[in-house]
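Engineer: If you're matching them up, the sequences are chains A and B in order.
Just so it is clear: in the first sequence, position 8 is 10 by this note's numbering, and no numbers are missing.
Just so it is clear: in the second sequence, position 336 is 334 by this note's numbering, and no numbers are missing.
Worth flagging that the hints you see were computed from the coordinates, not collected in a lab.
Please note: incorrect hints may appear among the correct ones.
Stated by the list, open to error - Pairs of lysine-lysine residues, derived as DSS-like cross-links and limited to a Cα-Cα distance of at most 25 Å, are as follows:
| id | chain 1 | residue 1 | chain 2 | residue 2 |
| --- | --- | --- | --- | --- |
| 1 | A | Lys328 | A | Lys10 |
| 2 | A | Lys11 | A | Lys187 |
| 3 | A | Lys11 | A | Lys398 |
| 4 | A | Lys404 | A | Lys187 |
| 5 | B | Lys74 | A | Lys11 |
| 6 | A | Lys375 | A | Lys212 |
| 7 | A | Lys291 | B | Lys220 |
| 8 | B | Lys420 | B | Lys114 |
| 9 | B | Lys74 | A | Lys10 |
| 10 | B | Lys74 | A | Lys13 |
| 11 | A | Lys33 | A | Lys398 |
| 12 | A | Lys232 | A | Lys199 |
These numbers come from a predicted model, not from an experiment.
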Amino acid sequence: MINLEIPKKAKALVNQAHQAAAEVFRPNSRKYDRAEHAYPTELDMLASLLDGLNSSGEGGAGASGVRKDDNNEDKGNRNGGNLSTVLGAIEMCWGDVALLLSMPRQGLGNAAIASVANDEQLERFKGKWAAMAITEPSFGSDSAAVSATAELDGDEYIINGEKIFVTAGERADCVVVWATLDKSKGRAAIKSFVVEKGTPGFEVVRLEHKLGIRASDTAVLRFENCRVPKENLLGSPEVDTKTGFAGVMQTFDNTRPMVAAMAVGVARAALEETRRVLEDAGVDIDYDKPANAQSAAAATFLQLEADYEAAYLLTLESAWMADNRKPNSLQASMAKAKAGRSGVDITLRCVELAGAYGYTEESLLEKWSRDAKILDIFEGTQQIQQLIIARRLLGKSSAELK
Amino acid sequence: MTVARENPQQGRDAMGLGLAALNRLAGSKLIDRAGLRKPVEGLVSSATRAGFQAAGTANRTFKATTRLGKPARLEKAPDSGLFDLEPTDEQQMIVETVDEFAAEQLRPTAAQADDKLAPPDGLLDRAAELGVTQIGIPDELGGVGSERSVVTNALVAESLAHGDMGLAVAVLAPSAVSNALVQWGDADQQATYVPAFAGEHVPAAALALQERTPLFDPFAPKTRAKRTPNGYRLDGVKSLVPRGADAELFIVSADLEGRGPALFIVEGATAGVSVEAEPAMGLRSAATTKLVLSDVTLPAGALLGGGSREVFADVVRLSRIGWAALACGTGKAVLDYVIPYVNEREAFGEPISHRQGVAFQVSDIAIELESMRLTMLRAASRAEQGRPYAREVALARKLATDKGMQIGSAGVQLLGGHGYTKEHPVERWYRDLRAIGAVDGIVLL
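In isolation and in its complexed conformation, chain B is listed as follows:
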């Protein structure tokens, strides 16, 4: 059996070989019969389009406009000194607006976007109009922010993910880049890149930390950065980069000459940058791609945050709070969906919600959802107040990973066979929720 493990081909007997051949044949016929050819072709074409576009992206040149004497930073949020779960009036207003946007713009388009592997036309511009990106940008740089707003960002992420997690990721991806530039960019980097994010047409941009390695640790990236006389050279492949095909700007992590992870600003038009479509189990409307960096030459000014490990740790942690917030939003979507379903669906002459086996699953969803939410909010509030928050982030991420998936699974289970079909969104939420804990980066609050 050791032989078979080393080489599966040798473990196949005659029947196995026959089945494998039949499978390939049947597979291609099935494609024609079921009319699946088109989506597959679409996938192939989006891959070539993506590869082409990123190699030649140049429709926007990032140029420093007004350079500030020193970088603009957001102040840390004040500490009221009291335990409080009530959002501020301003946060309440923002949440209501985003809730409405998510219900009207994300939820109704989510199934199709998931199918087409892309957000609907115009959606991201409409999201930009909401100001999702602007609240994290200080007014000196053209935004509307005045202080760190990790909690507000978390509430926004949660509301968006209640509409759809994949589209929420597509909407939030640019703000991951602008938030990082605001927090850690120097005056030149801010002047060059941030104003574009405060404008009407927010550039597609992505924070690329994730790699395909099993047990991937973002603190030990395989992507390499070497110092050159004029800057840096990057080599490596990043995984699950949202809207990579359209992205004009990336922040990429790479190991800097064996000294640990560092962050680099990479413009989409740089030679050696290419992307390939990388559709996954979920987050499909975020149009995930591989980002291939081969011999990418960067100027010295491309290093973000001076290569500091503390900065990198903050990036990873603030990203994880984002995923925990997304899990809360989608978890809430599951709860809100199953409650009327189990009350209306009847079996054995009464609503299935009259059975403890069903009702207790609903209780568990609610208990764990509230657990996830409070844990996530504690991490977010500590982050914006400038308190140590590594522990709280780790715990929020763990709960979001385990309980988020438990909620996703219960959502499908409670609808039974119907939950397994595309007639209901629970199967999509199941797929999306599996991303939690499996990916780092992408969003950053």
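Excised from the complex, chain A in its bound form:
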């Protein structure tokens, strides 16, 4: 039965996440935007709270990933961990995106481990904070162009290469590194490896200075003859040209709704603040009166809120599909594309609506519009999402539609 309201059982979690966002993230938002690269120590106590939420199986704020439990019989409509997770992330990012990205043990690497690790690995890496290292200096969107190498030597893989744009790359306990077993075999040979902090040959080169999400550290990592146990390869070590790359790409079906949720959270923060500012200025939003019969500011607000609503519902749709084991690549990309671009548009226009106040550091509006931009870039840019969607709808391969 069609119903687009969140379930009652999720409301407690949403409320907890909201409290944390309001009482811990918001008061520290400006502080760590200014103090780039400083570790937000306030997050440690919050992290243990989230651990509790994740282990409850009800999802937390980020990294529970998707486990397809095949033993489970079909019991009809499910509202499970994926839905809870995006709902939690929306609330947390209403507080602060960068601080959520800095939450211990909530990294994208955790999502990857949760999604593709076997049971033994899952147990071994339990409680570790895992970052994700894909991008290299010579490529971004083209993840099949991985040039970092992993060579099997006895019971170990030897990893060599350089990775950039690694979120939480300095703070995390370990990093999920994408490397190729054999460059000549193309994308099927690309595998992901868990490299623990302190492994000889693994070095953090430097941290980036960024437009936004400054509280989140973005690292450049170097691997030089870095040896990891062969059990640290996630998924199957076979180079299968049919399904090989799909394994690592599968992670994205789960992380894209998460990033969409982040954009939804920031957009909501900006809309709420802008509405408050507008109401103080005597502009009320009327939902019944035609937009064009209201002030230009009110009409703009309605337009932005409509895009917000769409991004929110697309995000819930993609998570709900994952909960119900429906293939959701298309919907995950649609959510990411819509939320990514709407997040940028909404936050920037909120600054415009709020005027000088919105532009100054006295308001968080300017910060949100800087933070939002990354959400239309990482985990697949707007353009990459458009390609994925178009290929799927048009039935085209990546060789045909480039």
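Starting from the structure of chain A, add chain B where the hints point.
Structural biologist: Same frame as chain A, but now just chain B:
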């Protein structure tokens, strides 16, 4: 220049005057040469026919049959408590039936109906047989409904509009009136009017809120209602009333003595009611008309919903969900049409879909269509569950207006010059989609 703005005639110089005269002359010659005389005459005759018929419509007398002790209402829909995008089995079945009807009966006849400014003969009876109107009528009043079914109605509207928006409007217009009577009619009003809608020959009927004023706000109609010793007197003009010429029953909004909008039941045969053809950019097969009300005297029992503002707000909102659903259906028609086209059409030695400039427009259509759809469904499901839904309606309407038109425009653009001709339906969808956001009323879920 201020003078010219006040009176364009004075801004014309000699050349301008000459061009204007030439234009009038050439215009009339062109009509003869291109053989356009007939459609124009048709338009004129349909206007006179319309005017005549509405003034004398009396082929049906609405008479109360069995009056219930209290009005029959549909229960609000249950709340399953879980987020769910899966329609029920019953809804799935209805959608499949309507999809088939739209594909077989609406799509193939749409171009001609658009051209002739009327639905094809017999189409509306066949639609009535489907039970489109009956599902909103409780069984006590002869229908088959048991609970509010805004979502089902939205899915039906969407399916019909996938066939053709103008014909969908023609099919759905009577149910706007019957739905309003079921929701807000008193026992007498229901007994008098509703049974006819549950029968085999559903009367042509229309919900007339729209007026021609720019920036029209349905909450501030210019049409006036005055109290009289025996009832009310209405004066005003309504715009874009579907099948007004054939309509036997209207629900009309009017400002009740300066106290805000109220709804009135107006029978087509009432003295002072006349209609004029009012063809528009799109929705042409819905045979849109002006509805002129001059000194229309109504009995006291004509007031619907007691003049309550909350009732009126519900009417406007449920109507807007209907338009959002229609936009989704036509938007889907655009997407389904352009995909094979851009895959088959070749330029520079390969399908044009191999170019990002083309492919990304297809992605955007899909993204915004899904956006519109989820937003519309949320508004519909909140409405039928009896939750507050004004916000969700406003957002669904805004998206349907902006993104619906964006989709309509992309549809023509992707077909290039071919899209601009009547060889393809995309130009009609472009015209129809512009109605979203420009009109209120007409449909009501």
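Engineer: All the hints need checking, so say for each whether the structure fits it.
Structural biologist: Tested hints:
| no. | hint | in the structure |
| --- | --- | --- |
| 1 | A:Lys328 / A:Lys10 | 23 Å, holds |
| 2 | A:Lys11 / A:Lys187 | 47 Å, violated |
| 3 | A:Lys11 / A:Lys398 | 41 Å, violated |
| 4 | A:Lys404 / A:Lys187 | 20 Å, holds |
| 5 | B:Lys74 / A:Lys11 | 23 Å, holds |
| 6 | A:Lys375 / A:Lys212 | 11 Å, holds |
| 7 | A:Lys291 / B:Lys220 | 15 Å, holds |
| 8 | B:Lys420 / B:Lys114 | 14 Å, holds |
| 9 | B:Lys74 / A:Lys10 | 19 Å, holds |
| 10 | B:Lys74 / A:Lys13 | 23 Å, holds |
| 11 | A:Lys33 / A:Lys398 | 47 Å, violated |
| 12 | A:Lys232 / A:Lys199 | 16 Å, holds |
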